[in-house]
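Participant: Protein sequence lines, in the order shown, are assigned to chains A and B. Residue 92 in my numbering is what sits at position 57 of the first sequence, and the numbering runs on without skipping anything. Residue 126 in my numbering is what sits at position 123 of the second sequence, and the numbering runs on without skipping anything.
FYI, nobody ran anything at the bench for these hints, they're computed from the structure. Hints may contain errors.
What the hints assert, rightly or not - What follows is a set of in silico ranges between Cβ atoms, one per label pair, in the way DEER data are often shown: (1) B:Glu28 / A:Asn213: 30 to 40 Å; (2) B:Phe137 / A:Arg201: 15 to 25 Å; (3) B:Leu66 / A:Asp222: 18 to 28 Å; (4) B:Arg55 / A:Glu185: 37 to 47 Å; (5) A:Asn76 / B:Ser100: 36 to 46 Å; (6) B:Asn13 / A:Arg89: 45 to 55 Å; (7) A:Glu195 / B:Ala103: 39 to 49 Å; (8) A:Glu195 / B:Leu66: 41 to 51 Å; (9) B:Ala95 / A:Glu195: 15 to 25 Å; (10) A:Glu97 / B:Asp32: 21 to 31 Å; (11) A:Glu97 / B:Lys109: 39 to 49 Å; (12) B:Ser89 / A:Glu185: 50 to 60 Å.
Claimed, not checked - Derived lysine to any residue pairs resembling SDA-like cross-links, with alpha carbons at most 25 Å apart: (13) B:Lys60 / B:Lys5; (14) A:Lys163 / B:Gly65; (15) B:Lys5 / A:Leu71; (16) A:Lys47 / A:Lys205; (17) B:Lys111 / A:Lys205; (18) B:Lys29 / A:Ile256; (19) A:Lys205 / B:Val136; (20) A:Lys79 / A:Lys117.
Glycine included, each C-beta is placed from N, C-alpha and C at the ideal position.
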Amino acid sequence: MFFDKILSHDKKEQRVIENIREHIKLLCTACNTFRLGIGKNNRKLINDVAELERKGDSIRREIISNIYNGAFLPYLRPDLCKFVEIVDRVFDLIEDAAFLYLSMEIPEHANREENKASFFMGIPEPVKNECGRVTFLNVRICEMLLITFEAMLKGEDLSEKTLAIRIYEKKIDDIKFNILEEIRKIDIDNFWEGKIVSDFIAAITRVSDIIEDASDHIQIISVSMR
Amino acid sequence: MKVQEFMTTNIKFVDAEESAYDAIEKMVDRRIRSLVVRFNKKNIEHGVITARDVVFKVLAKGLDPKKIRVSDIASKPILSIEQSMSIKEAAALMERSNIARIFVEKSKNIIGVISMVDLMDASLIMRARGENVF
Numbered sequence: 036m037f038f039d040k041i042l043s044h045d046k047k048e049q050r051v052i053e054n055i056r057e058h059i060k061l062l063c064t065a066c067n068t069f070r071l072g073i074g075k076n077n078r079k080l081i082n083d084v085a086e087l088e089r090k091g092d093s094i095r096r097e098i099i100s101n102i103y104n105g106a107f108l109p110y111l112r113p114d115l116c117k118f119v120e121i122v123d124r125v126f127d128l129i130e131d132a133a134f135l136y137l138s139m140e141i142p143e144h145a146n147r148e149e150n151k152a153s154f155f156m157g158i159p160e161p162v163k164n165e166c167g168r169v170t171f172l173n174v175r176i177c178e179m180l181l182i183t184f185e186a187m188l189k190g191e192d193l194s195e196k197t198l199a200i201r202i203y204e205k206k207i208d209d210i211k212f213n214i215l216e217e218i219r220k221i222d223i224d225n226f227w228e229g230k231i232v233s234d235f236i237a238a239i240t241r242v243s244d245i246i247e248d249a250s251d252h253i254q255i256i257s258v259s260m261r
Numbered sequence: 004m005k006v007q008e009f010m011t012t013n014i015k016f017v018d019a020e021e022s023a024y025d026a027i028e029k030m031v032d033r034r035i036r037s038l039v040v041r042f043n044k045k046n047i048e049h050g051v052i053t054a055r056d057v058v059f060k061v062l063a064k065g066l067d068p069k070k071i072r073v074s075d076i077a078s079k080p081i082l083s084i085e086q087s088m089s090i091k092e093a094a095a096l097m098e099r100s101n102i103a104r105i106f107v108e109k110s111k112n113i114i115g116v117i118s119m120v121d122l123m124d125a126s127l128i129m130r131a132r133g134e135n136v137f
């Protein structure tokens with residue numbers, strides 16, 4: 036294993052690596068839960084995202100604490116911590132998006148009674164499909180981050196993996212521009228209604244930007260270990 | 004990998020009765036290289052007009068694009084596939100038909116397009132994921 040070259044003989048490093056792996060896997064789960072929650076308009080699944088974010092926070096704290104308790108050579112520690120912090124920012128974004136989604140209630144002038152049973156919240160219809168595609172691609176890009184991390188551990192060439200992440204990021208950017216073009220045509224009744232929709236779109240489309248930063252950081256860690 | 008995962012949904016339409024100039028304006032404004040052509044009001048029949056059609060069938064011949072109708076230079080019918088088809092199947096069809104883009108439909112409605120660049124992107128991602136490309 037690539038990391039063997041810089042590992043000390045105790046198990047602190049191994050624990051950190053396992054925790055980082057678990058952290059990224061949890062992120063994939065959070066993104067997928069969010070995607071399913073939106074797809075099925077399921078409030079429970081959306082609420083689960085916050086629970087997963089809390090678990091992610093706890094893993095992040097454990098990783099940082101193990102690193103500063105002596106895992107890895109000192110010159111590597113800041114980069115590893117930075118990587119974990121970047122991944123944690125994605126958890127925060129997904130959690131924000133989940134809360135914003137729950138805030139998208141049917142406006143007061145609509146027939147709430149009629150809508151309550153089947154659909155008491157939701158994304159504006161003209162951009163619903165595209166938002167769904169973004170959440171799907173967010174799951175894919177997170178999986179790609181995990182693949183990139185595993186490749187780094189094996190000392191493999193990362194260029195094709197990071198390219199794949201950049202392709203996903205570009206694709207999501209293209210969809211974002213389509214969404215922004217459509218969203219301008221939607222009538223908004225009040226400031227908060229518009230702000231919630233706008234913030235929600237900003238949150239789901241920013242995930243890929245941060246994952247791209249995280250993959251760049253994996254590249255930096257990989258280079259610094261050579 | 005399914006085509007719906009990687010298709011581009013930014014597709015724009017033009018009516019067959021409109022002029023080639025109208026089509027050019029739409030392509031320039033939207034920065035796209037093809038438009039789906041509607042041949043009747045029910046939108047059942049579709050064709051396609053590309054930047055290539057405009058260049059070689061109108062501009063290169065010194066014709067006035069305002070006097071040429073879209074229907075005169077559009078290709079019809081378009082090749083389309085279901086959104087649940089795989090990227091591999093789409094690539095095979097594009098290669099067999101020697102075309103640069105293929106439209107994606109859902110219940111007979113055009114919902115997206117897969118271009119050569121989309122195919123390249125999808126193939127690179129499949130490689131990075133360790134999946135068989137073609």
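Participant: Each of the hints needs a verdict: does it hold here or not?
Facilitator: So, going through the hints one by one against the coordinates:
no.	hint	result
1	B:Glu28 / A:Asn213: 30 to 40 Å	violated, 20 Å
2	B:Phe137 / A:Arg201: 15 to 25 Å	holds, 22 Å
3	B:Leu66 / A:Asp222: 18 to 28 Å	violated, 43 Å
4	B:Arg55 / A:Glu185: 37 to 47 Å	holds, 43 Å
5	A:Asn76 / B:Ser100: 36 to 46 Å	holds, 40 Å
6	B:Asn13 / A:Arg89: 45 to 55 Å	violated, 38 Å
7	A:Glu195 / B:Ala103: 39 to 49 Å	violated, 25 Å
8	A:Glu195 / B:Leu66: 41 to 51 Å	holds, 46 Å
9	B:Ala95 / A:Glu195: 15 to 25 Å	holds, 23 Å
10	A:Glu97 / B:Asp32: 21 to 31 Å	violated, 53 Å
11	A:Glu97 / B:Lys109: 39 to 49 Å	holds, 46 Å
12	B:Ser89 / A:Glu185: 50 to 60 Å	violated, 25 Å
13	B:Lys60 / B:Lys5	violated, 34 Å
14	A:Lys163 / B:Gly65	violated, 44 Å
15	B:Lys5 / A:Leu71	holds, 18 Å
16	A:Lys47 / A:Lys205	violated, 37 Å
17	B:Lys111 / A:Lys205	violated, 29 Å
18	B:Lys29 / A:Ile256	violated, 46 Å
19	A:Lys205 / B:Val136	holds, 21 Å
20	A:Lys79 / A:Lys117	violated, 32 Å
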